[in-house]
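Engineer: Chains as they are written, first to last, in this note's numbering: chain A, 31 to 287; chain B, 66 to 265; chain C, 182 to 471.
Take the hints with a grain of salt, since some may be wrong.
Unchecked claim - Which chain A residues stay away from chain C? Per the calculated CB distances, all over 10 Å, these:
1) Ala80
2) Pro93
3) Ala120
4) Ala122
5) Trp212
6) Gly223
7) Gly249
To be verified - Keeping only pairs whose Cα atoms sit at most 27 Å apart, straight-line, the calculated DSS-like set for lysine-lysine is:
8) Lys346(C) / Lys257(C)
9) Lys250(A) / Lys72(B)
10) Lys346(C) / Lys320(C)
11) Lys245(B) / Lys69(B)
12) Lys320(C) / Lys255(A)
13) Lys72(B) / Lys241(C)
14) Lys253(B) / Lys257(C)
15) Lys250(A) / Lys458(C)
16) Lys346(C) / Lys250(A)
17) Lys69(B) / Lys241(C)
18) Lys245(B) / Lys241(C)
19) Lys101(B) / Lys253(B)
20) Lys253(B) / Lys69(B)
21) Lys40(A) / Lys255(A)
22) Lys320(C) / Lys40(A)
23) Lys241(C) / Lys253(B)
24) Lys72(B) / Lys320(C)
Said to hold, decoys possible - Partner residues are not named here, just some residues of chain B that face chain C (Cβ under 8 Å, in silico):
25) Asn74
26) Pro84
27) Thr215
28) Glu261
29) Val262
30) Glu263
31) Ser264
32) Leu265
Just so you know, the hints here were simulated from the structure itself, not pulled from any lab data. The beta carbon of each residue, even a glycine, is placed where N, CA and C say it ideally should be.
One letter stands for each residue in the lines below.
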Amino acid sequence: MQLSLYVPGKTWVHRLDPITKLLAVLVAVVLTFVLPGFFSQAGILLVSLAMLGSAGVLRRAAPVLAGVFILPLTFFVVQGLVYPGNVHPAVALGPVVFYREGLLLGLSLTLRLYNILSAALILVLVTRPSDLVEALVRRGAPPRLGYVMIAVLQIIPIMVASTQTILDAQRSRGMETEGSLWVRIRAFLPLMGPLVTNSLISTEERALALEVRGFAGGGKRTFLKDEQIPPYAMAMRILVLAALVLGIGGRWLWGWR
Amino acid sequence: MQAKAWKANFTTLTIVLIPVAVGINYVGKFFAATLKLPLWLDSIGTVLSGMLAGPWIGAISGAVNNAIFGITLDPVSFWYLITSIMIGLVVGYLAFTGWIRTPGRALVLGLVVAGVAAVVSTPINVLLWHGQTGNVWGDALYAALVHRGTPVWIASFLDEAVVDILDKVITVFLSFLIYKALPARLVKLFGGAHQEVESL
Amino acid sequence: MALIEVQDLRYRYPDQQGLALDGISFSVEPGEFVGIIGPNRAGKSTLCQALVGLVPHFYKGAIGGRVVADGLDVHKHPVAEVARRVGLVFQNPFTQISGAKFTVYEEVAFGLENAGVPREEMIPRIEEALRLLGLEELKDRSPFALSGGQMQRLAIASVLAMRPKVLVLDEPTSQLDPEGTGEVFAAMAALCRQGMAVVVAEHKVERLAPLAGKILVLHAGRRVAFDSPRRVFAREDLPALGVAVPPVTEAARRLGWRFEDGTYPVTTEEAEELARKNLVAAGGGGGGRG
Ligand SMILES: Nc1ncnc2c1ncn2[C@@H]1O[C@H](COP(=O)(O)OP(=O)(O)O)[C@@H](O)[C@H]1O
Ligand SMILES: [Mg+2]
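So that you can see chain A by itself, here it is in the shape it has in the complex:
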């Protein structure tokens, strides 16, 4: 299992440095809240999707975007039915009436969800996690926090791999993992306990091993890799910030939505 969804590549979006991408993503998310109107939302979504497309990862984005479908579904159903501002009936399925106001709210919530998702996917699919962390540490983020972030990405696949071993071992000892709710609840602790206890115990030796490699040193640190920032990154940053200023200005000066 691989926790990171990163898709390696050489497109211009891949080569863009992590900080510029992070900035773009933050601006996209802020703008979805600043400009909640239908057309603005659709516009921002199109830009994000276009970035994903030119990075060649739309295909990898699709399952993620589709995977959350249950959320928009509940938006439409619940808001369509019970949104307090509901006035005009739109669709009636027998006795159940969906209202226009609620459905429109559902649509705008859905657009917001997909905006947040697609923007985040630019970072998730097109940026190597360790590059992002390293870029942040170079700019003064605490190195120990950087360690934590990367270690999480490595530790989870390893722990997941051991879950299968534990499941097999416990099943072969006759543990029931199917059946009534009570049976399944009782199985949880014997599965979790040993794995949790062992991983907590082994933190001691890992901490010792990190200490002898200067982890707690706190002096000036250096980096094995050189940072690569393409020439067009600056232009991109300026463009993104301009969009932010324009969006905020538009909202409060000219009443854009």
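Put chains B and C with the ligands on the given structure of chain A with help from the hints.
Structural biologist: Frame of chain A; chains B and C with the ligands shown alone:
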């Protein structure tokens, strides 16, 4: 005692605990899903790290958990960062004041954590999704309440609370059992019980 | 001057009554290979950790005596600083992987980044460490995708890249299969041949005996002996202390095959040499047939 509970406890050992805590969260969620339990059980690691290393490490474990899942598998979880942080803080604080001693208190702590989680998550739910949680049972309750004219805020809080209570009580209780089973020496090492080197 | 100088070292873990180390003294010279043996809970790990300062800085507790590593008073300096002079490798290969790096090459760089070694200097150091441990071919692999023996060699390489003067290893093969054990012993021997001082706590005395210049025997936190392998393994009290003796030595003792100084052979080579001598002595009158 209270001043000590908020003392920073950032050692190599407690830093190394954070990724392990996030891993434990994930494994808990994984086993709950494998066993088809109607619970999430995805914050056992955060609770344990608070119990072992105090409020700050608990809070950071919670934050890192949601930040990492936010930028990898589940972007929406980023928004509930604050909820996770609060869980770690509350558990860590109460653990470090020495309050959590008995299984009975662990159950009470579970209720406290559920309450805190619901209070913190509600504004997020309202801001993001007009108060829904995306959990089928909770949202059914929400729909029924809003339909009867209950304000969105209250409906949303109950939506979240219904989902949280059982989950958090069980999460905290299981964490307590695991915590009690750890070697005392290790628990003290995590807690930073010894700060000075004496000379012989 | 000795690279490591331990004088009357005493240490007690927090909340404990007894001393884990009780009046230990010994020294390690440049290029020397020192083995540490003793039964479980004798204090081997505690001593190894005391050589880099994890005892007492990591565990706290109570300490007495002195440890000087390459001129640095270990009790007065942080672990990160001592670690540039004394490298420490632990038992479990898996827990020593930092988890912060995605390839073997980057893993070796981890300690150098922490220590602030300039980038130009890092690369030759990493490459040298990988070469010495025979890991060049694996440099782009994930550290977690290695075998136990390879992982342990990676742990050694990672510590080695810090260019310590002494390499300390605490039962580095106890979790490895015979193949991995062979790899690690070969690596230690090679490093020692290149002039690195090596200190290793180890149960596999038959592998230790041919390499070690000196052996330190610990029991209940006390030093029982610190001498050449031949003299150490000639002691009558080892079995009673729960300390293993190489099988060759055991056999020779039963057969009464001794060197002139009263010691027994500790390696098969020595046993063969002794056998040849005995044969010559025994068969002296009858005329050699070979
Ligand atoms: N972290 C610790 N806290 C308290 N006691 C310890 C700790 N580690 C080891 N000890 C005790 O110190 C003694 C020496 O242990 P150790 O150095 O691990 O021996 P060895 O490595 O030779 O097996 C034992 O009595 C052991 O129980
Ligand atoms: Mg040991």
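Engineer: Confirm or reject each hint.
Structural biologist: Hint check results:
No Cβ of chain C approaches the Cβ of Ala80(A) within 10 Å, the least distance being about 30 Å, so the stated non-interface status holds. Distance check on Pro93(A): its Cβ is at least 24 Å (rounded) from any Cβ of chain C, clearing the 10 Å threshold; non-interface status holds. Every CB of chain C is more than 10 Å from the CB of Ala120(A) (nearest about 52 Å), matching its label as outside the interface. Distance to chain C confirms Ala122(A) as a non-interface residue, since its nearest Cβ pair spans about 56 Å, more than 10 Å.
For Trp212(A), the requirement that its beta carbon stay farther than 10 Å from each beta carbon of chain C is met, with the minimum near 36 Å. Distance check for Gly223(A) against chain C: the nearest CB is about 20 Å away, which clears 10 Å, and the non-interface claim stands. With a least beta-carbon separation of about 5 Å from chain C, Gly249(A) fails to lie farther than 10 Å from that chain, contradicting its non-interface assignment. Using a Cα cut-off of 27 Å, the hinted pair Lys346(C) and Lys257(C) holds, with the two alpha carbons roughly 19 Å apart.
Between Lys250(A) and Lys72(B), the direct Cα distance comes to roughly 26 Å. Compliance with the 27 Å bound is thereby established for this hinted pair. As the CA atoms of Lys346(C) and Lys320(C) are separated by approximately 24 Å, the hinted pair is consistent with the 27 Å bound. Between Lys245(B) and Lys69(B), the direct Cα distance comes to roughly 22 Å. Compliance with the 27 Å bound is thereby established for this hinted pair. For a cut-off of 27 Å, the pair hint linking Lys320(C) to Lys255(A) stands: about 15 Å separates their Cα positions.
Proposed proximity of Lys72(B) and Lys241(C) is supported: the alpha carbons are some 18 Å apart, at most 27 Å. With a CA separation close to 24 Å, the supplied pair Lys253(B) and Lys257(C) stays within the 27 Å bound. A distance of roughly 62 Å separates the Cα atoms of Lys250(A) and Lys458(C); the hinted pair therefore is violated under the 27 Å criterion. For the given pair, Lys346(C) sits about 23 Å from Lys250(A) by alpha-carbon distance, which is consistent with the 27 Å threshold.
For the given pair, Lys69(B) sits about 19 Å from Lys241(C) by alpha-carbon distance, which is consistent with the 27 Å threshold. The suggested pairing of Lys245(B) with Lys241(C) holds, with an alpha-carbon distance near 23 Å, which does not exceed 27 Å. For the hint pairing Lys101(B) with Lys253(B), the CA-to-CA distance comes to about 36 Å; that exceeds 27 Å, so the pair is violated. Between Lys253(B) and Lys69(B) the alpha-carbon distance is near 14 Å, which keeps this suggested pair within the 27 Å criterion.
Restraint check for Lys40(A) and Lys255(A): the C-alpha separation of about 18 Å stays at or below 27 Å, so the hint holds. Using a Cα cut-off of 27 Å, the hinted pair Lys320(C) and Lys40(A) holds, with the two alpha carbons roughly 23 Å apart. For the hint pairing Lys241(C) with Lys253(B), the CA-to-CA distance comes to about 12 Å; that is within 27 Å, so the pair holds. Using a Cα cut-off of 27 Å, the hinted pair Lys72(B) and Lys320(C) is violated, with the two alpha carbons roughly 42 Å apart.
Residue-level restraint check for Asn74(B) is violated (minimum Cβ-Cβ distance to chain C is 14 Å; threshold 8 Å). Interface restraint check for Pro84(B): the shortest CB-CB distance to chain C comes to about 7 Å, inside 8 Å, so the restraint holds. Against a cut-off of 8 Å between C-beta atoms, the interface hint on Thr215(B) is violated, since the closest Cβ of chain C lies about 48 Å away. With 8 Å as the threshold, the beta carbon of Glu261(B) comes within range of chain C, its nearest partner Cβ sitting at about 6 Å, so the hint holds.
Evaluation of the Val262(B) hint against chain C yields a held restraint, the C-beta minimum of about 5 Å falling below 8 Å. Given hint, Glu263(B) at the interface with chain C, holds; its Cβ is 4 Å from that chain's nearest Cβ, closer than 8 Å. The closest approach between the C-beta of Ser264(B) and any C-beta of chain C is roughly 6 Å, which is under the 8 Å cut-off, so the hint is satisfied. For Leu265(B), the shortest C-beta to C-beta distance to chain C is roughly 3 Å, which falls under 8 Å, so the interface hint holds.
The structure fails hints 7, 15, 19, 24, 25 and 27 (numbered hints given earlier, in ascending order).
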